[in-house]
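*Asks:* Sequence:
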Amino acid sequence: MDNKKILFVIAFKDFRDEEFFEPKEILEKAGFQIEVASTEKGTAVGVNGGEAEVNFSVEEVNVDDYKAIVFVGGPGANRNIENQRFHHLAREAMNKNKIVGAICIAPLILARAGILENRKATVWTSALDRRPIQQLKDGGASYENKPVVIDGNIITANGPQSAKEFGKALVKELKKREEE
Numbered sequence: 056m057d058n059k060k061i062l063f064v065i066a067f068k069d070f071r072d073e074e075f076f077e078p079k080e081i082l083e084k085a086g087f088q089i090e091v092a093s094t095e096k097g098t099a100v101g102v103n104g105g106e107a108e109v110n111f112s113v114e115e116v117n118v119d120d121y122k123a124i125v126f127v128g129g130p131g132a133n134r135n136i137e138n139q140r141f142h143h144l145a146r147e148a149m150n151k152n153k154i155v156g157a158i159c160i161a162p163l164i165l166a167r168a169g170i171l172e173n174r175k176a177t178v179w180t181s182a183l184d185r186r187p188i189q190q191l192k193d194g195g196a197s198y199e200n201k202p203v204v205i206d207g208n209i210i211t212a213n214g215p216q217s218a219k220e221f222g223k224a225l226v227k228e229l230k231k232r233e234e235e
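With positions in the sequence shown counted from 1, the corresponding number in the numbering used here is that position plus 55.
Honestly, I wouldn't trust all of these hints.
Only pairs whose alpha carbons sit at most 27 Å apart, straight line, appear in this in silico DSSO-like list of lysine-lysine [as the list claims (entries may be wrong)]: (1) 122 to 201; (2) 175 to 219; (3) 230 to 153; (4) 60 to 192; (5) 59 to 192; (6) 122 to 219; (7) 223 to 151; (8) 79 to 201; (9) 153 to 231; (10) 201 to 175; (11) 96 to 175; (12) 60 to 231; (13) 151 to 96; (14) 153 to 219; (15) 192 to 153; (16) 227 to 60; (17) 79 to 227.
Per label pair, the in silico range of CB-to-CB distance [as the list claims (entries may be wrong)]: (18) 105 to 85: 18 to 28 Å; (19) 188 to 137: 13 to 23 Å; (20) 119 to 207: 12 to 22 Å; (21) 199 to 232: 18 to 28 Å.
These are calculated hints, taken from the structure and not from any lab test.
Note that this is a predicted model, so its numbers are computed, not measured.
Ideal Cβ positions, reconstructed from N, Cα and C, are used throughout, including at glycine.
Work out the full structure, taking the sequences as your base and the hints as a guide.
*Replies:* As structure tokens, then:
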């Protein structure tokens, strides 16, 4: 059977529950197998109390094992924006032409990794905090004020309200690749 594995990269504490569980469920219903990586192994806890079992530390991930790498947002992701291991994972996935997804604040991980240069992307922002837009632009991206933005193999979404649409976009792009 063709590789149907997707890796979700989450913060060990305070990932955004909807941004993990909703796309995960959509991908699983479409026949994909989900594995989870974080800064440590064990039970990760979401900002709303949801629990996710972490299969691997980010250092242990073999990008070749996956069709896509998806970075989940939330307050915990904010603490990983400068995480060099996360950046390496994003760059390696990009170099191997995998689908790279990021939701909420997590697109800033991609921006810091240097893979959004000349790409369209979206990111979480609010009326009180517009800094993420500038940070995305500082990473070379062209910001689009949309729930989900697809640019080649990069899929970004702007927050928990877009989690279902993000999951559907991931499935659509993965299925498109299966047909090629």
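*Asks:* Are the Cα atoms of residue 192 and residue 153 separated by 27 Å or less?
*Replies:* holds, 23 Å
*Asks:* Straight-line Cα separation of residue 201 and residue 175 no greater than 27 Å?
*Replies:* holds, 10 Å
*Asks:* Do the alpha carbons of residue 60 and residue 192 lie within 27 Å of each other, as the hint requires?
*Replies:* It is violated: about 31 Å lies between the C-alpha atoms, which goes past 27 Å.
*Asks:* Measure nothing beyond the straight line between the CA atoms of residue 59 and residue 192; if it is 27 Å or shorter, mark the hint as holding.
*Replies:* violated, 33 Å
*Asks:* Can you confirm whether the C-alpha distance between residue 60 and residue 231 stays at or below 27 Å?
*Replies:* holds, 16 Å
*Asks:* With the threshold set at 27 Å, check whether the alpha-carbon distance from residue 96 to residue 175 stays at or below it.
*Replies:* Status violated; Cα separation ~33 Å.
*Asks:* CA of residue 227 to CA of residue 60, is that 27 Å or under?
*Replies:* holds, 15 Å
*Asks:* Check whether the Cα positions of residue 122 and residue 201 lie no farther apart than 27 Å.
*Replies:* Satisfied, since the Cα-Cα distance of roughly 25 Å is no more than 27 Å.
*Asks:* Quickly compare the C-alpha distance for residue 151 and residue 96 to 27 Å and report which way the hint goes.
*Replies:* holds, 25 Å
*Asks:* Holds or violated: residue 153 with residue 219, Cα cutoff 27 Å?
*Replies:* It holds: about 21 Å lies between the C-alpha atoms, which stays within 27 Å.
*Asks:* Is 13 to 23 Å respected by the C-beta to C-beta distance linking residue 188 and residue 137?
*Replies:* holds, 18 Å
*Asks:* How does the Cβ-Cβ distance of residue 199 and residue 232 compare with 18 to 28 Å: does it lie in that range?
*Replies:* With Cβ atoms ~22 Å apart, the hint holds.
The structure does not agree with the numbered hints 4, 5, 11 stated previously, though it agrees with the rest.
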